[in-house]
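*Asks:* Residue numbers (the numbering used here), protein chains in the order written: chain A, 77 to 212; chain B, 83 to 216.
It is worth saying that the hints were derived from the structure and are not from the lab. Mixed in with the good hints there might be a few duds.
Restricting the straight-line Cα-Cα distance to at most 20 Å, the calculated cross-link-like pairs of lysine to aspartate or glutamate (EDC-like) are [as the list claims (entries may be wrong)]: (1) B:Lys-97 with A:Glu-108; (2) A:Lys-155 with B:Asp-131; (3) B:Lys-156 with A:Asp-126; (4) A:Lys-155 with B:Glu-133; (5) A:Lys-151 with B:Asp-131.
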Amino acid sequence: MNIKPKVGVISCSGECCSLGTLSRVATRMILEGVRPGTVTLCLPLFLAGDSGEREFAQRFPTIPVDGCHKQCAKKAIEKYSGPTAVDVDVEALLEMWGAEPPASRRVLGEDDIKLVERVAMEIAKRIDWVQGEQDA
Amino acid sequence: MTEKILVIPCSGIGKPFGTIGRDATFRVVDELRPDTAETNCLSLLVIGDEETTRQVKNSRCIAVDGCPLECAGKNIEIAGGNVAAHIRVMDLLRENRGLKPREVTFLDEDGEKLSGLLAERIAAKVDELLEEQR
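Chain A on its own, in the form it takes in the complex (with noise of 0.2 Å):
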């Protein structure tokens, strides 16, 4: 049987605007169905919580899910954790895609959800690649 390496997953649920609501919804769709063994944390908890979350991103690949090129996730992984191998910039997608934002940062539309659904993949990408290189 092969059993994959633990990876976590953190967004940074940005409330400034839409973007931390594209990288939080794509993070739960990861937890809920597309990579379901997948690990998330509360960003806050790096700060405020105990050791336990700064532990578990030293111990396991931790995958930082930016809204917007500020990278608030990737930091506060790398500040009390140590370097992250991949990321992902919700904002640098958009641009690459050419799609916008969604209007409202609380209730998400049909054309958004689909654009979940894209982010969602690329983290899923990147799960997988972490989890190769770690049985390489």
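On the provided structure of chain A, position chain B as indicated by the hints.
*Replies:* Below, chain B alone, put in the same frame as chain A:
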């Protein structure tokens, strides 16, 4: 102190309570009190972003926390900010035992109801804090 009240939810991602706090915050700053309340990214505060830290220090903040770990309140305090009010989703849940939210990604009916109730509570607190300021 700046005039607008800063509402910062924890946006916890593991259980529905973080989503309820986040959703209620957006209802307040986008719909109920757009002229008197605003929000900012908690993640920016976590990484020590200077501008966000300054904003938190210069504002009266309402922390909205989904679980007993109270990440929003703690991070505001760590940044040197003033938690003028601390609103806990769990308190609201205790007062509305008939409502049992289950979905995290997109709120179900009970989650939406709790979010609406929470938003009203936050909005009332915004009004109260502004009244004290005058």
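*Asks:* All the hints need checking, so say for each whether the structure fits it.
*Replies:* Hint check results:
1. Annotation: proposed proximity of Lys-97 of chain B to Glu-108 of chain A holds, straight-line Cα distance about 13 Å (limit 20 Å).
2. With a CA separation close to 13 Å, the supplied pair Lys-155 of chain A and Asp-131 of chain B stays within the 20 Å bound.
3. Taken as a hint, the Lys-156 of chain B and Asp-126 of chain A pair is honoured in the structure, with Cα atoms around 12 Å apart against an allowance of 20 Å.
4. The straight-line distance between the Cα atoms of Lys-155 of chain A and Glu-133 of chain B is roughly 18 Å, inside the 20 Å bound, and the hint therefore holds.
5. About 11 Å separates the Cα atoms of Lys-151 of chain A and Asp-131 of chain B, which keeps this hinted pair within 20 Å; it holds.
When held up to the earlier numbered hints, the structure conflicts with none and fits them all.
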